[in-house]
Amino acid sequence: MFVVLMFSLIDVAVAGYARGSLISLRMGRHEETSNAYSGPTQPMLDSTHTSRAKSRTVINDLPPDVFLIIFRMLSGRPPRSTPIRWSDWIGWERMQPHTWPEYHLLNPEYPFPDYLASVCRLWRAVLSSVSKFWKRLIIWIGKDATSLSKIGDSLVWSQNRPIDIYIMRTFDPRVEDPTERAQVMAVMEVLKPHMKRWRTLCIKVLCSSSLPLPRVDLIGQADVLRELTLDFVIDDSVASDGAASPLVGAFHTPALDKLFMSGLHFRELFVKPFPQSPLPPALSELTVAEYDSTRHPPFSLFDLLSCLVTGHRRLGSMVLANLDLDHSYSGPSILSSHVSWYADVGFFDMSGDVIAEYHRLLRSPWAESAYYVRCTMETPSILGSCYYLKIDGVADPLALARLLIGVHGRTSSRHACLRQCDGLSPAVLLLLAVTILPGDNWILPDLRGLTIEGCTGFQSPDLRLFLEHRRRAHAVTGFAEDGDLEYVMSSVKYLHVQDCCELAPADKEWLDENLDEVHWDDWSGGTGASVWIC
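Heads up: the sequence shown is residues -15 to -1, 1 to 519, going by mature numbering (1 follows the signal peptide of the UniProt record, and there is no 0).
Keep in mind that the hints were calculated from the coordinates and are not lab data.
Values in this document were obtained by computation on a predicted structure and should not be read as measured data.
Here a beta-carbon is modelled for each residue, glycine too, at the ideal position from N, C-alpha and C.
There's no promise every hint is true.
Cβ-Cβ distance ranges computed for the label pairs, FRET-style [to be verified]: (1) 426 to 364: 11 to 21 angstroms; (2) 266 to 314: 19 to 29 angstroms; (3) 240 to 163: 30 to 40 angstroms; (4) 163 to 123: 18 to 28 angstroms; (5) 282 to 317: 19 to 29 angstroms; (6) 450 to 381: 14 to 24 angstroms; (7) 219 to 494: 54 to 64 angstroms.
The whole structure should be built from the sequences, with the hints applied where relevant.
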């Protein structure tokens, strides 16, 4: 797609140049290159020379400023090729365990600007004259690695701009690479003199031992660094079983907002030396992923949360992914009764026992968003409340029911999303339609908006039955709203169903007449009494 677009633009420009009609293109000349090419441009051709000009006009006959216009157009983001799912609109898209640039930035079919700069000297000169083209560095290691000289050129051409750096492996089926760490460290030596310009540093390698670590390999002032990702495929590091590992120096990151790190490295760099090694002061989004207690010493959930809660109360969101944590601590909660914890939380591939202990230690905290992906729930547990609830990839109906029942509290889960949950059966839907908790309390009493995607364990009559029961109970109170004295629970007003099952005609008619807004695959309906504002 990129190549087709590039040559289409060039064809238009060449044809226009041969006809002497490039005035409109030159109107878009970029200020950075106003003095880059001061020499005379090619003279415009009159109509008597049109046929002869066409025969000899080639791509490189275009003036540099026209190339610049074309390159600026190519530097824009291509249109999104994948459809936006409904659940991506309502607050969860930032709570993912991996933070990598959009697909097109790493796509060989979208090679801007590196491959274009290698076409010829003219193209290289034009591209290198515009610093904003080089503010993102994609650096490959392994086979066909990016050369150090090429990295150096990109750094020079980016001038004084903040730079976003992505270091990753080329595709290689091998499961070991004894040269990987040496390659990474060689790249880092080229990058270190520009540390004060780092805005993003995302590294994904084969082996964990190849990663450069803060305060060990990364030392200095990274004043504008906003995002740090240190990821790997194979954990081959060795954790110490005693005191904290010695740190070489300081790595100052006063603006660091987003951190992705393995459980092993987070434990060694922050948890074990706490409080001598505090978290970055501006940290807002934290992901801690992968910890195997069969290979490493036990990692205490209590120690992890103590480090976070005691040292960084302003954390906005936290993702815990595939961490085998020790939850044997049975003492009191970490937080006192007058202290609250409000960070959004995402659990990916986590055990129900760890999830339950997390909520106990933090006194069932309230979060704007809570996200449970492929998690288990072995025993019924009390979980914290949230405004947005998302459950993804839970195949066991009992585990799904326990997750739904566990969420409690006033203003709890006004919007819920269930995605790829084979456990969403008619029986689970029925649980949401009746009072089964002590005191005739409802499960998710404040539920107003419901999104269901890719769940195939129910039929449309099952969902309608659940919705009818809740609407009937809400009608008994005169459809009282939160804040009214009569308010007990809410009926569902907004529904989105995608890739689940066929919508029966009778159910379609009922939904259209009784819900404010409905989207079921390609059909939309509802009374329109109110709009779902997420």
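Results for each hint:
no.: 1; hint: 426 to 364: 11 to 21 angstroms; verdict: 20 angstroms, holds
no.: 2; hint: 266 to 314: 19 to 29 angstroms; verdict: 28 angstroms, holds
no.: 3; hint: 240 to 163: 30 to 40 angstroms; verdict: 36 angstroms, holds
no.: 4; hint: 163 to 123: 18 to 28 angstroms; verdict: 24 angstroms, holds
no.: 5; hint: 282 to 317: 19 to 29 angstroms; verdict: 24 angstroms, holds
no.: 6; hint: 450 to 381: 14 to 24 angstroms; verdict: 22 angstroms, holds
no.: 7; hint: 219 to 494: 54 to 64 angstroms; verdict: 55 angstroms, holds
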